Every structure is written in C-alpha cells, then in structure tokens.
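**Student:** First to last, the sequence lines map onto chains P and R. The letter at position 16 of the first sequence is residue 635 when you use our numbering, and the numbering goes up by one with no holes. The letter at position 72 of the second sequence is residue 76 when you use our numbering, and the numbering goes up by one with no holes.
Read the hints as simulated data drawn from the structure, not as lab findings. Keep in mind the model is a prediction, meaning the values are calculated, not measured. The beta-carbon is built from N, C-alpha and C at its ideal position, and this holds for glycine as well. Don't take each hint at face value.
Unchecked claim - Straight-line alpha carbon distances no greater than 27 Å define the calculated DSS-like cross-link-like pairs of lysine-lysine that follow: (1) R:K58 <-> P:K814; (2) R:K243 <-> R:K231; (3) R:K14 <-> P:K894.
Said to hold, decoys possible - If you want the ones that stay clear, here's a sample from chain P, every Cβ over 10 Å from chain R, calculated: (4) N622; (5) P627; (6) N661; (7) T769; (8) Y771; (9) N805; (10) K809; (11) I811; (12) A856; (13) E861; (14) D884.
Given next are the chains, with one letter for each unit.
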Amino acid sequence: MKNTVEHPLKKYFRGEINYTTCPGCGNGIISQSILRAIDELNISFDQFAFVSGIGCSGWIPSPYFNTDILHVTHGRSVAFATGLKLAAPQLKVIICAGDGDTSAIGGNHFIHAARRNIDLTVICVNNEIFGMTGGQVAPTTPYSSKTTTTPYGSIERPFDLSNLSIAAGATFVARWTTYQARSLKNSIKKAIEHKGFSFIEVISQCPVQYGKVVGMRNDSVSMLMHYKECSVNIRKAKNMSEDELKDKIIVGDLVEKKNVPELTDEIKRLRREAKRK
Amino acid sequence: MKSSVRKEHKAEFLQGNIACAEGAIVAGCKFFAGYPITPASEIAHHMSKRMFEKDGTFIQTEDEIAAIANIIGASWGGVKSMTATSGPGISLMLENIGLAVVTETPCVIVNVQRGGPSTGSPTIAFQGDMLQPKFGSHGEYQIIALAPSSPQEMFDFTIIAFNKAEKYRVPVFILADALVGHMRERVDFPFEDEIILDERKKLETYQGIHQKIFLDENVAPMPIFGKGLKANITGSTHKEDGFRNVSDPQIMDNAIRKLSNKILKHKDDIIIVEEKYLEDAEVAIFSYGLVYRAVLETVNTARSEGLKVGSFRPITVWPFPQEQIEELSKKVKTIVVCENNLGQMYPFVKAAANGNAKVIFLPPKILGALYKQEEILNKIKEVI
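Chain R extracted, bound-state conformation (with noise of 0.2 Å):
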C-alpha cells in the first residue's frame, strides 16, 4: 500500500455486507433499522456498534414492516437512513416503499438477495428479486437500483445509492446478493477530499398553506420535522403542497407522471453502465452483480483468443438502460444476456433492442451456482 499524507486513506479486507454498512457511514447515514434475516444481518451486526460511535441510531425493529417504517419517519426527522435485509423482509416492506416513494422520502434499502420463493435457500446466492423493487409494491412508480460485485462496490455503491436518495428524494435499494455480501476482499476507503456526497433540498422557511413541497420534477424542496414548516405529509394522492385529493382523476394523473419523471428525465444523471470491449464488439454478454465477475473473465478470455465480444453491465437496473441498449443492439449482432435466475431482466434488454441485435438468454446451468467460464464461452463461440 502506498503511503500518503491525505487523511483517512485507508484499505481494508473486508466482507461485503461490512463494506456496506461502511460506505453508509461515510456517506453520513445516522440510522439504521433492520429485523435479523441472512444473509444480510451483518450490515445490522456492524451498524449496531457503529453508529453509536457516530452519533446515529440504531434499532433493531419488532419486523421488517416497522424498519421500513422507522426509516422513513427518521428522514423526516431530517437524518440520512437506511435498513438491510433480504427478499422475505423486502416483501413485507413493499407497501410501505410505496409510501416512499409518493412522500418523495429519501432512504437506501439493500436487499442482500438469497433463495426465493418464500423461506427458499437462505444462503445461496440468487438474483431473484430484480423486479421486485420496481414492480413489487402496488401502483405505477419510479425507484432507483444498483447491482453490485465486489465487496469494494458494496462501499461505492452504497455512497452512490445515498447520494441519489437524496438528489431525488426516492428510496434507492442495492441489489446485492448473498455471494456478494459474504465474500471478503479488499476496499479501497477514499480520502477525504475524494468524498462527494449530495444532500437533500431542504425547505428553508414556511411558505404558506399552499407551500410546494412535493411532485416537481425538477424535486421540491423537502420540509424537515420539528422546524415550524407545518409539513403535510400523506400516502394518499395529493397536489403539489400535499394535500389529498383522492377524487380527480387529473390529479391522480399529474401525481403519478410527476413522480415517474422525476426520475426518468435525469436518467442520464442516475443510470450508470460499464461498457467494456464493446468498440468491435459482435456480440455482447449483459450482465449485473455477481454474474458479471465471470462473464468479465470469459470475455477477456474469449479475447485473447481473438473473439470479437465484449461486455455490457449496468450498474443502475433501475431506471433500466433501455436507450444505451438499444444503442448497444445497433453496434453488435447479438446480445447474450447471462443473470443468476430464470430470465428477469432479459424481457427487458430484448425489448430494448428492438429486434435490432439477436438477444438470446443464456440460463445458468443451476440457479445459484456461478457460470462456469466454459459455458459463456461455448455460447459465445456458437452465437459468433
């Protein structure tokens, strides 16, 4: 390790939910609620001693439902929070995202994701739950997602879901894995001076009864708790200045495109992709979180072997990076989408690439075992 005189510059060897809960804190996350379910509960075990020392809050809740919710009325308490579970504790929070996202409460949920359905395989890494946060709670909404691979972006990406949160005003979840969150490597903790973090709009003084605090797509300013901003706060359909109208359908309607264009008109600020090899690339394998790591090392054997192919991952699932794929289905002939699961995210990339490239889907020999270099690479040497 290089010496350096800037402060803080750190690495450690670290497990991935550890590099979670880690990045959380230097992104100035002060509370954290969560209800013990593995594979995710040494992000719990960790933000319990640490955010003591940090001058935050932790609570172990009575259920998923309550961390959630103690969440959400933590950011109105004006802190930066978050909670950690796995896909049995993200379907019983689903309602209550939902009421995150049309309060506009920012807020990161990692879901560490295992066997599913229902109790499934608590310790077997599965990308089961990709639609999940998009599609799971009821309604028609926006929400923002990153798939980590390495522990190192366990750290990064949660700094990154923090700042999202709070540029939006949107829960933003970590799409991680039970491979991801258990494997230990090394983390690259940044100077000081490297740390950029975003901090929410804050309503400064009270406006008024008719205040404009919600459904600006450009994001309204936020008005803290306990600061005499009189804040009108509901779940229910309302207008600009949160108040409830649960009976014109035009207000149904601005509510619901204002909050969906929130986020889709800055999707060139939230949607991140890694391109790589793509430049004479014929075919491109698509790929997100744990799979990734071995798609990455067969294309860069499939290149020293003289295979034009390169690699396509997004690191924000959601938004979905429809238009980079479809730039993507003009450049190669085929898309090969590689995913731990039986084909989630696929229906999207083939829709995206609008018959433009082949998109053939390329199921894991077993569920929860990785790809073996091998069987990427015969596909791609069939497909090329």
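Next up, chain P with everything else stripped away, as it sits in the complex (with noise of 0.2 Å):
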C-alpha cells in the first residue's frame, strides 16, 4: 500500500472541484494564507462566512471553501456581507475583493462600512488591473500603464487602498504583498480577531493581464521578486523621505486601533436603550 501525505489544509476544501486560476496567480497564495491563519487561531470552519464578488478574487474562497459562501454582485460583497453580519454576529465574516471590486465600483459601500466600524474583514486582492475581463484600466492603476483601455497610457492617479480605508476608519489595516505569504498570514490572523472593520491589501501578482503591462508576461516570478525588491516595511518607511519611497511598496501592520465602538455592539446597546424607554 502506498503511503499518501494529506495536504494539511484539505480539510477546508469542498473537495471535488478544481480551482480555475490561471498559472501564477496569486490567488493560491492568498488561500494559503488564509486558511493558515485560521487553522492557527484553531476556530471551527463552521464559525467563518466568506462573501466574495465578481472579479477573480471572488474565486478564492467560492466554491471551494468548504463552509458558508455568498458569491455576490461585481462591487457589492461588502453590503451583503453587512446584512449577514448584522443578523449573525456571532459570525466571523471575511470579503475577497478584488480592488475593482473595492474601490471602483464598490468604493461607496467599502468606504462606509469602514466608518461604521463593522467587524468585518476584507482581504484585498490589489494586482492593479481589471484581470477577468481583458486588463482593463482600475483605479490602482499604476499612472502612464498602458492597459487595454488605455493605449495611450494611463492619465489618472491611482487609489491607495490602504490610506483610502485608514481614512474612512478603518480599525485594522494591513498591506503586504504576495511575496510576503507568511508576514501576510500573521496580519490575516490579527484581523480575524480584532473587533472591528478590518482591510488586508494583499498586492498581488496578475501575469497574465497586469504582467503584459510591465513587460513581464506569464512571469509570475518576476513579479514576485520585483515585489521582493519594493517592499520596505513600515517601521522603516517611517524613518524614509518621500522621493526615497517613490515607486515602494510599504508592507506591514500599517494601523491598529482598539476601544473603537464597533457597530454590532452599538446595536445591542440600541436595543437595550429602546427597551427601556
């Protein structure tokens, strides 16, 4: 008989289905790093929802997980996953977004859920590109990129996904890349128990639509390590000037605030009140 090694994360997989990520994607890393940080923190699968959205990032817990998945609208995951969290808080909710997903057509709902200080966690998969639907421009869109809306090269300034969320209020918030799987798997676990709105910019590596843009076309490799090469951490940024940060990546547990009133908890205090009265 032949002695076979389960994969030690299997057990948080359907089963049956086959993931359908093109070569490289960083989506597998992103998957590993979430499923590492939860089987470290020892919480029943049972206790997690994913919701996700349309964009490639949506695949990463959907179908595959194996516990409660809403697949939802391109744009909308964190407003459904709003709904779902008010009504089960007990809950552990987590969003895959893509940063389509979040800051383009779903930065209203991102934004306010950020300020209402919601525990959720959104994980946001940021490769700079529209990849599902051809490698469109998206609002992180490196400036002069051209993509194949943008022939011309790209005239708009990119989004900052991190500082766009730590100034709508988030209480968590972490940026790391793709290159840094375990770093990311620790900030992952940080949000998962912290009690309030949580944001993971993961930036990722899309070889196929965003690789052609910088002339590394199916090199996933590459990518990774021009990551590798443009990330400075946070507690070394902090001591850098800004033309020495020019084209960086700063990775790291970026924000952390506690004593914050998150939203689930004011309502158990409304209805106390309302009761009351």
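Assembling the complex is the task here: the two chains are given apart, and the hints tell you how they should meet.
**Tutor:** Now the structure itself:
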C-alpha cells in the first residue's frame, strides 16, 4: 500500500472541484494564507462565512472553501456582508474582494463599512488591473500604464487602498505583497481577531493581464521578485524621505486601533436602551 | 370599538407607510435596511425606532444598492428582512433583486411609487413602476407583487408579502403609491390568534457536497448561515447543490425553468383577486391600488342606477392573474382598464382576454390626479 500524505489544509476544501485561476496567479498564495491563519487560530471553519463579488478574487473562497459562501454581484460584497453580520453577529465574516470590487464599483460600500467600524475582514487582492475582463485600467493602475483601455497610457492617478481605508475609519489595516506570505498570514490572524473593520491589502501578481503591462508576461516569478525588491516595512519607511519611498510598496501592519465602538455592539446597546424607554 | 378579551387587538388611525411598517413587525420582520426617499421615508422613520424595541436591526445604508444587499445578506443570516423605497431606489436595486431571485432569498421590497421617470415628482401618486419589478432586472424571472389601496391593506398585504416570501423563497414587492403611503385611515390590528405566519423551510443538517438547496419547484430548504451547513450560494447559474455551471445550456435551462415554475406552479396559492358585482355584469372595470377606490365608488353608483357593472381587482399583480381574466372575458362584453399611468397593465389584460371581450383603456385625464367618478361612469354608459 502506498503511503499518501494529505495536505494539511485539504480539510478546508469542499473537494471534487478544481481551481480555475491562471498559472502563476497570486490567488493560491492568498488562499493558503487565509486558511493557515484560520488553522493556527484553531477556530472551527463553521464559524466563518465568506462573501465575495465578481472578479478573480471572488474565486478564492467560492465555491472551494468548505463553509458558508455567498458569492454576489460585482462590488457589493461588503454590503451583503454587512447585512449578514448584523443578522448573525456570531459569525466571523471575511470578504475576498478585488481592487476593482473594492475601489471602483464598490468604493462607496467599502468606505462606509470602514466608517461604521463593523466587525468584518476585507481581504483585497490588489493586482492593479481588471484581470478577468481582459486587462483594463483599474483605479489602482499606476499612472502612464498601457492597458487594454489606456492604449496611450493611463492619465489618472491611482488610489492607495490602505490609506483610503484608514481615512475612512478602518481600525485594523495591513498591507503585504504575495511575496511575504507568512507575514500576510500573521496579519490575517490579527484581522480575524480584531473587533472592528479590518482591511488587508494584498498586492498580488496577475502575470497574464498585468504582467504584459509591466513587461513580465506570464512571469510570476519576476513579478514576485519585483515585489521583494520594492517592499519596505512600515517601521523602516517611517525614517525614509518621500523621494526614497517613490515606487516602493510600504508593507506591514499600518494601523491598529482599539476601543473604537463596533457596529454590532452599538446595535446591542440600542436594543437595551430602546426597551428601557 | 367593541371590547374584547382577546390579546393585542387594537385599532389605530395610521398613515399607510406606518401601517406597512407595523404589518412587517407583526409578520416577524427583524431587519430593515433603507435609504431616505420621498414618499417612502416614514417607513424607515418608524422602523428605526421599532426594530430595536423588537430585538431587530435597523440600518440606514449608504445607498439603495446597499439596502437590498443588506436585506439579502440578513435573510441568509436567518432573519426576515425588508427595505422600502420609491421608484428611483428600485432602479438602483434591480441588479441585486435579480440576485435575490436567483439565490432564492426571501425578502420584502416596498415601492411607494412616485412620479417618474428620473427624479420625477416625488410627492405625486403614480402607478408608473408596475412593470419594473417584474421586468427591470435582466434575464428571465418571476417575482410576486401586491398592490394595496389603503392603510389597512398596507398593513395586511405586508404580512401576506412576508408569508409568500418565506413560503416561496422569493422577493415579494408591495407596489403602493404616494397617496396610499401618506393617507391616514383606521387600521385594525389582528387578534394574536388570527395571525398566521409562514416560515421558510430550513435545511436542518448538512447533507453532503451535493445537498439539494436550490431549484425545487416545491421550494428547496434554505441553508441558513452559521449552522455548519456549508451553504454554497452564487448569483451565477447553478445546479440544485448551488455549484456554478455557466457553460452547459441544459443547466441554464433547468435553472430558469425551475425558478419560474416555483412561482407559476403555485399561482393558485399566490394569486389573490377581488371580484365585485361580476355575476351578471356586462362591463367589468379592471383596476388596482389607489385607483380601485375610485372604481369601487363608481361601480356602486352605477349599480344604484341599474347598470350591470362589476369590478375586477388584482391584489396580486405579479404573477399576472391571466387565467382569472380569461375567465372574466368569457362572462362580460367589455373590460375597461383604469390605471394611473398610460397603460402599463392594459396590454396584459388585453392579451389575457384573448379577444373574448373587448378591452379598452380609460387613461386618467391627468396622470397623478385621481379619476373623477363621472369620467369612469361616462365610459361605462358609453360602452354598456
């Protein structure tokens, strides 16, 4: 009889169905980081619900993760997750969204969820492009990039998603690239345990659509090495000038605020007060 | 008011919108999400107070897209949920209304109609959105919609809406209008033992990866989140187990037909119509919602003058009561359609009558203003 070794994360998958992502996609690294974080926290997978929208990021949980999955319309995952969390506050609700999901079509839901400090975790796969629809410019695409809808180069400045979430009131914010998978996992653990709105931005390679924009078509290894070279930890970045930080990716736990009222707690308080009156 | 020993009976002088909110509470609504809009805002005002008293949740969302998304999310969290808006809000919600249909999510959506298109006339009563819930979201689908004509019916029909939403796992609409929403009349609350509530069929235990949680014409059990049921919910075309398949036309065909048949097969249970003085009638007036009030008055007057006129009123406007109108068309010579628009339900009435009776549309003299009795009466005398 042949000895077989089971992958330690296999128990988190429904089975029978194969992943549909392109070769070299960052989704696999992010999936692993999420599942390793949950595994290390030793919380039952049944206590988690995943909500995702339209875009490649939606395929991280859906339909593969073997727990409750709500796969909804483009950009609206945070709004669906808000209703779910308010109705079932005992659930740990994680949203897997893309940069288009989060900051183009879904920007409004995103900033308002951050403002409300509702206990959700948004893991945003930022590949700086619309990947699934064929490599169109996104609100995160760097200035002057040539994409399928910016043949002359993008003329718009990109969003900094982490800073956007901080400005909107997110109480835990971290950014990593797919190169720093273990650090990413550690931040996801913190985000899951954080009571309030947590946002994790993962700069992730799309070798098929973004690779061709930066001359690294189908070469995810070069893209990962590029992330390695460009990444600067927030601790180090604090002592660097704006010039030195140009074209760098600042990574690390960017914000962690405690004792900010959380929305589901506030609702419990209102219920108590409404009944007293 | 007669006294009674039975608990919870009361009658109140209520605005239609408040009656709608109170009906929702009686129906067991525990979650309201909405965005301010005239002429529906009073529902949100009332719910913002009452939901918390009832251990429920109220949230004023960032827009109507979020409101519908919130109530769908809450429904999967296991609670009865609703939103209330007007036409512009429904326009924003339409994409996610399609998601509610395809994910078979029970929820109630109230449209207190106002003048449109666009910003239109926010305080004018109009029946301009009658086709919007049925045809506004893309694709082929069925929903349920009810048209109340008074505060009492805002109350009663909202309870029916929740019951049908629960029973058939489908979004149910209340198609009111600015006048029905804003008028104040006596509303009788039911006795506690008179209230009959339908509750969704829930999946009790996890049945394996291919558990049947969708696409049953007799309504599949709903796997509520957080119970270890490993629900697999998607807006993409899927099979009975929820697994996406967007390449096989047979699977898409199955999904669309099953979703539609889930409603159409149960039309007898879903469709409610009200018929008055039709036994010997030569002319029937078709009307619904606010317009029905003017029609009923006119029919009473016409009868007192000896005219053989009756009223046919769909309480359920979607699914459309096609068979009932076909039957009607075999009994009467003429059907006069009265609605506060330029003829939205009229083509459906005409198609259902199928040439058996003459179907004519009597447009209102001024859109948004109530029909005058003599306008309808003159038409009756003209066609009788």
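**Student:** All hints, please: hold or fail.
**Tutor:** Results of checking the hints against the structure:
A distance of roughly 25 Å separates the Cα atoms of K58 (chain R) and K814 (chain P); the hinted pair therefore holds under the 27 Å criterion. Among the hinted pairs, K243 (chain R) with K231 (chain R) is consistent with the structure: their alpha-carbon atoms are about 22 Å apart, no more than 27 Å. With a C-alpha separation of about 21 Å, the suggested pairing of K14 (chain R) with K894 (chain P) holds against the 27 Å cut-off. A cut-off of 10 Å between C-beta atoms confirms that N622 (chain P) is not in contact with chain R; the least separation is 26 Å.
Consistency note on P627 (chain P): stated as away from chain R, and its beta-carbon is indeed over 10 Å from all of that chain's, at 20 Å minimum. With 10 Å as the threshold on Cβ separation, the claim that N661 (chain P) sits away from chain R holds: the shortest Cβ distance comes to roughly 17 Å. Chain R leaves T769 (chain P) outside its interface by the beta-carbon criterion, the shortest separation being 27 Å against a cut-off of 10 Å. Look at Y771 (chain P): its CB is around 32 Å from the nearest CB on chain R, clear of 10 Å, so calling it non-interface holds up.
With a closest Cβ-Cβ approach of about 26 Å to chain R, N805 (chain P) is found to remain outside the 10 Å limit, as its non-interface label requires. Against chain R, the non-interface label of K809 (chain P) holds: every CB pair exceeds 10 Å, the least being about 23 Å. Separation of I811 (chain P) from chain R is adequate, the least Cβ-Cβ distance of about 16 Å exceeding the 10 Å criterion. A856 (chain P), annotated as away from the interface, keeps every beta carbon of chain R farther than 10 Å; the closest lies near 32 Å.
With 10 Å as the threshold on Cβ separation, the claim that E861 (chain P) sits away from chain R holds: the shortest Cβ distance comes to roughly 33 Å. With a minimum CB-CB distance of about 13 Å to chain R, D884 (chain P) clears the 10 Å threshold, and the non-interface call stands.
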